[in-house]
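**Q** Assemble the complex: chain E is given as a structure, and chain S must be docked to it using the hints.
Number of protein chains: 2
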Amino acid sequence: MNPTASGPLLTLSRRTRRTPFTDRVNAAGVKAYSIYNHMLLPTVFESLEADYHHLKRHVQVWDVACERQVEIRGPDAGRLAQWLTPRDLSSMADDQCFYTPMVDETGGMLNDPVTLRPGPDRYWVSIADSDMLLWIKGVATGMHLECDVTEPDVSPLAVQGPKADDLLARVFGDEVRSIRFFRFKRLPFADTTFVVARSGYSKQGGFEIYVEGSSYGEPLWDALFAAGGDLGVRAGGPNAIERIEGGLLSYGSDMTRENTPHECGLGRFCDTRDSFGCIGRDALLRMLSDGPSRQVRGIWIDGGPLPPCTEPWAVSAGDAYCGQVTSAAWSPDFERGVAIGMIDAAYWTPGTAVRVQTPDGERRGQVNTLPFGA
Amino acid sequence: MNPTASGPLLTLSRRTRRTPFTDRVNAAGVKAYSIYNHMLLPTVFESLEADYHHLKRHVQVWDVACERQVEIRGPDAGRLAQWLTPRDLSSMADDQCFYTPMVDETGGMLNDPVTLRPGPDRYWVSIADSDMLLWIKGVATGMHLECDVTEPDVSPLAVQGPKADDLLARVFGDEVRSIRFFRFKRLPFADTTFVVARSGYSKQGGFEIYVEGSSYGEPLWDALFAAGGDLGVRAGGPNAIERIEGGLLSYGSDMTRENTPHECGLGRFCDTRDSFGCIGRDALLRMLSDGPSRQVRGIWIDGGPLPPCTEPWAVSAGDAYCGQVTSAAWSPDFERGVAIGMIDAAYWTPGTAVRVQTPDGERRGQVNTLPFGA
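Just so you know, the protein sequences line up as chains E and S, in that order. Numbered continuously in this note's numbering, the first sequence closes out at residue 374. Numbered continuously in this note's numbering, the second sequence closes out at residue 1374.
Excised from the complex, chain E in its bound form (with noise of 0.2 Å):
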């Protein structure tokens, strides 16, 4: 069950996508991939244990191309994005990156994009696992919205760990150590620039630069490797221990369009003012008065290493059945299991004595506020 052994081979084809960086993951000696928005996004380079020391120690650059951009272009493109999200946009400043639930008309989940807008009328979603390009080209479609809705040549490259900012500078300038958290700014790079935001899907800080144009892909991946060999730096990518760790969700795996932004601990980013309108929000409303009845927790699992968990494992307290788990990993940090799950509100207290079913058998555990360790 451990990636780095055994498991089943993925079989490659033109509809996996490749990305402008394969060819340098392949060459950095990839492992494992996973399919994310139909493109390959590489998982485990030495092994998921050995990526997760090196990413809280030093830095490494992560193929996250898979992180496909929407565009939304022409008059009708600010009224479009605001009607996508249950998220306020008026206030969103120019070099801001906004994370935006996105739901569908009964206020289920549909992706949890960031929202950014790189040029006047002019917005990027850059997206989770599930085709948006699909739902936001349909309802322009359907409203007949004057606007392009279209998927750039744009392959965001993240590097993230402890020492982003030494390496971000030497190939960008000083500059990206004032980039503030979830802002961009617009910096040259051979002939071209990018947008380069503080983001990316780890707790151990760092960028996401917004690669436009494929042919740029490996000339920059070799530049941050040129300048960053004293620093350690590695390929890498999102690593299931360290996310977990810190409380990063993943759509498709803890929230999916069963899911509200209230259950998913997103109703902070849910406006219910009278005057506010978007998908979903009847349905967010006449939810919000009563309240979730399950949210995302944290829940540590006692014993040894963990199966990846590949489907819900049933959590119990007593007799009652209270949720279930559905990210899981061995912490070696921690020396216990994390997780992330959804877990019913008579139980979801921080403390609460739970057990959880996992294909290698029962182990006990207990409810934990996300992050880990905070």
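Among the hints, a few may not be true.
Part of the chain S face toward chain E, derived, beta carbon under 10 Å [what the hints assert, rightly or not]:
id: 1; residue: R1014
id: 2; residue: L1110
id: 3; residue: D1129
It should be emphasised that the hints constitute simulated quantities derived from the structure, not laboratory data. Each residue gets a CB set at the ideal place from its N, CA and C atoms; glycine is no exception.
**A** Relative to chain E, chain S alone:
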């Protein structure tokens, strides 16, 4: 590059969804998966070539649960279903499976599903690899239509190969023999009934059983294997060699949003009457006046075994670039490489000599009709 021998591992999570058949597939010794509609699609059991020979001689059971259904239900269901495709649905019989290209407002292919009507005011769109749930929901939401768009608990299981009729008759009775091509019957199994259609992603004949209710998955799988021992029944999956020989296109590989139905050889499914309306109709009509400038063709490729085609391979004739190969395999039965690609009009006549740039070097080739050997 041979998926039976080596290649990257696939990292599993809840997001790479299991199917009702996954435990049986694993027990049958699956070696490789692809991901299709965020779900596991078994691709290799013994080896790509051994699976191919078996499929052409015996009968296989395929977990194609990843052919998810989008259910459209309600008073506006018929109107919406027609709005989605340029194919006229008014002549679709109650027991008919309709191959229905679906395009966006620019006429670009979004998917090439099969549409059927399992009940009154109820449509199933049986999809290829893109989130058509989001497109269809988006259009319905934008147009304020009265219908529910959902993903029901329906998981197709395919029975393919020359002995498919014999095997299925043993489980569902001799009535299966009278099901015509791309027609279906509702047949009893245990305490329920399933839509059983004569269809499938091979040219060897066979059926797709729309398993409604995940709990029936393993009992049906087991019934098929119990009944088919002397027929040599085995677990299998869509076979890359056989489907290329048979000219079956793969959405995402052989066609994308960049292509029109006419480029994909699907012009006969596009209605052009004045009275007819669907998304993309105006764009398709504009293109129709000129005809496509490139179209899908078969391409023979000389020489020995071929690596998998994981990105388009350039095709040239003389000094000119004239298209690209998008799927390729070495065919044991033809003892020659077979490929599917998009070829420019000046070069698409069968017999035209071309050169194909494979990752292993340039090969000579020849344009052909599809399917091969027909």
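**Q** Hint by hint, where does the structure go against what was stated? Just the numbers, ascending.
**A** none
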